[in-house]
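Quick note: the sequence shown uses my numbering, first residue 1, plus one each step.
None of these hints come from the bench; they were simulated from the model.
It is possible that part of the hints are untrue.
To be verified - Here are the simulated PhoX-like cross-link-like pairs (lysine-lysine), alpha carbons at most 20 angstroms apart as the crow flies: (1) K33 x K53; (2) K218 x K187; (3) K42 x K53.
Claimed, not checked - Cβ-Cβ distance ranges computed for the label pairs, FRET-style: (4) A203 x S40: 31 to 39 angstroms; (5) P224 x G45: 49 to 57 angstroms; (6) V59 x D93: 18 to 26 angstroms.
The beta-carbon is built from N, C-alpha and C at its ideal position, and this holds for glycine as well.
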Amino acid sequence: MTSLDGAVVLVTGANGGIGTHFVQEALSRGATKVYASARSPKAWGDDRIVPLKLDVSDVASIRAAAEAATDVSILVNNAGIAPSTTSLIDIDDDELRAVMETNFFGPLAVARAFAPALSAQGDATLIDVHSLLAWYATMGVYSVPKAALWSATNALRLELAPSGVHVVGVHVGYVDTAMAAHAAAPKVDPADLVRQVFEATEAGQYEVLADDLSIQVKAGLSRPVEELYPQLLKR
């Protein structure tokens, strides 16, 4: 279990709707320093918040950030992008690679770069923000890297456990941010999502199912594939 009280936290994608809540909630729970990382860091007007340039699709940027923030005890892999289409057939090759770089290879590269710092703490946490779409392939291009990240999170959990690093995986449907502005479905309040994640972190839990749909989809994984995807029966 990793307490937020006295922790040093790094949040990727800190300028976004969810990222901003991670920064503020970490401070409200007693974090002494939060590295608010983004491709274009902004000023926060709070001495406890350290703006940090970090592009998760750039290995050199990741390496520089890891060298600058060696005191991190909680790493939140939150950065991500939404593709212009969900079709694996129609998407442009360059965009497909960009989505994979940002939503899968990037978080994995960040975890690898910061693993020595987290392991040195003896009691640290890595938080990977997935999506229920890691289990539900209806969003194609977006689902694929999230599924890969879920698998990587499980593998990292096993590999980092002997070093005292706890790994938390987060699954959620639509969150009420600009990225999901197009969706008419029910959305989770980002503040509530972040609260659940940090409560799970402090309780030593391994997984966060942040809404009813995530719980429902995970429960359906043991059933025949055509039950998870009833559209297959309409062929």
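Hint-by-hint comparison with the structure:
no. : hint                           : verdict
1   : K33 x K53                      : 16 angstroms, holds
2   : K218 x K187                    : 18 angstroms, holds
3   : K42 x K53                      : 9 angstroms, holds
4   : A203 x S40: 31 to 39 angstroms : 34 angstroms, holds
5   : P224 x G45: 49 to 57 angstroms : 54 angstroms, holds
6   : V59 x D93: 18 to 26 angstroms  : 21 angstroms, holds
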